[in-house]
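Visitor: Residue-level listing of the chains:
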Amino acid sequence: DQQVKQNSPSLSVQEGRISILNCDYTNSMFDYFLWYKKYPAEGPTFLISISSIKDKNEDGRFTVFLNKSAKHLSLHIVPSQPGDSAVYFCAASAQETSGSRLTFGEGTQLTVNP
Amino acid sequence: DARVTQTPRHKVTEMGQEVTMRCQPILGHNTVFWYRQTMMQGLELLAYFRNRAPLDDSGMPKDRFSAEMPDATLATLKIQPSEPRDSAVYFCASGLVLFRLGRSQPQHFGDGTRLSIL
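Protein chains in written order, with the numbering used here: chain G, 1 to 114; chain W, 1001 to 1118.
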């Protein structure tokens, strides 16, 4: 039972354009969502998070949007840079019941072309 | 920047051998997680600890895997006996859970141990 799904295994965009990565979840108990970025041979690095009491969180070039009714979140990167090329993982947690354990999506490989 | 440290970074061994992976969490973090990444399963949670006590190890094959925290600065994941299907990258992560609010800060990951069982 895949509770967090990233349906696009890969995404390719041009430098300077917007990258939009999508994530869907099924567990209505999830109330905290995160995006991690992973380079080869390194561990995932935290990028940005959002609590279920919000629908948007912004940090520099990165913005995460949460649509609770659709059980959908997305990560926008504007403008995209070649250094953003990495695998992006969406993760979710049900804080009250699971005490911060994360459930991850399968990841999306983002390639930003110069 | 504080980091989660994992050793060894790479391990190649033969089937049946014991494998021990180590993790030094970030000082001050009260929760430690073990994840496994495979091509087929993505990142899956194996076990996690809070204040050194095991909270959930339901993701681990119990007959061959064991996870412990002998002290606050060391977490270990052991496989005995190892099998080829255990080949994967094993990540340790640590985080701080704020009990009163039931909120946690993001988990921070180590760079993983790439395990190959021949």
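Fair warning: there could be bad hints in the mix.
Quick list of simulated restraints, FRET-style, between CB atoms [unchecked claim]:
hint, chain 1, residue 1, chain 2, residue 2, range
1, W, 1020, G, 2, 39 to 49 Å
2, G, 51, W, 1116, 33 to 43 Å
3, W, 1068, G, 40, 39 to 49 Å
4, G, 57, W, 1055, 19 to 29 Å
5, G, 2, W, 1078, 45 to 55 Å
6, G, 55, W, 1081, 42 to 52 Å
7, W, 1059, G, 42, 44 to 54 Å
8, G, 10, W, 1054, 28 to 38 Å
9, G, 52, W, 1027, 28 to 38 Å
10, G, 109, W, 1044, 42 to 52 Å
11, W, 1028, G, 52, 18 to 28 Å
12, W, 1098, G, 29, 14 to 24 Å
13, G, 52, W, 1059, 43 to 53 Å
For the record, the hints were derived by calculation from the structure and aren't laboratory data.
C-beta atoms are modelled at their ideal positions from N, C-alpha and C, and glycine is treated no differently.
Visitor: Between residue 1028 (chain W) and residue 52 (chain G), is the Cβ distance one that fits in 18 to 28 Å?
Guide: holds, 26 Å
Visitor: At the C-beta level, are residue 55 (chain G) and residue 1081 (chain W) separated by a distance inside 42 to 52 Å?
Guide: Since residue 55 (chain G) and residue 1081 (chain W) have Cβ atoms about 50 Å apart, the given range 42 to 52 Å holds.
Visitor: Take a look at whether the Cβ-Cβ distance between residue 109 (chain G) and residue 1044 (chain W) falls inside 42 to 52 Å.
Guide: violated, 19 Å
Visitor: Is the gap between the beta carbons of residue 1059 (chain W) and residue 42 (chain G) within 44 to 54 Å?
Guide: violated, 22 Å
Visitor: Taking 33 to 43 Å as the hint, is the beta-carbon distance of residue 51 (chain G) and residue 1116 (chain W) inside that range?
Guide: holds, 39 Å
Visitor: For the pair residue 1098 (chain W) and residue 29 (chain G), does the Cβ-Cβ distance stay inside 14 to 24 Å?
Guide: For residue 29 (chain G) against residue 1098 (chain W), whose Cβ atoms are near 19 Å apart, the range 14 to 24 Å holds.
Visitor: Check the following: the C-beta atoms of residue 1068 (chain W) and residue 40 (chain G) are separated by a distance inside 39 to 49 Å.
Guide: violated, 30 Å
Visitor: Residue 52 (chain G) and residue 1027 (chain W), beta-carbon distance inside 28 to 38 Å?
Guide: Given about 30 Å between the Cβ atoms, the range holds.
Visitor: For the range 43 to 53 Å, tell me whether the beta carbons of residue 52 (chain G) and residue 1059 (chain W) fit it or not.
Guide: violated, 24 Å
Visitor: Starting from the range 19 to 29 Å, see whether the pair residue 57 (chain G) and residue 1055 (chain W) falls in it by beta-carbon distance.
Guide: holds, 28 Å
Visitor: Does the Cβ distance between residue 1020 (chain W) and residue 2 (chain G) fall inside 39 to 49 Å?
Guide: Taking Cβ atoms as reference, residue 1020 (chain W) and residue 2 (chain G) lie about 31 Å apart, which means the hint is violated.
Visitor: Is 45 to 55 Å a correct range for the gap between the Cβ atoms of residue 2 (chain G) and residue 1078 (chain W)?
Guide: Given about 29 Å between the Cβ atoms, the range is violated.
In summary, the structure is inconsistent with hints 1, 3, 5, 7, 10 and 13 from the numbered list given earlier, while agreeing with the others.
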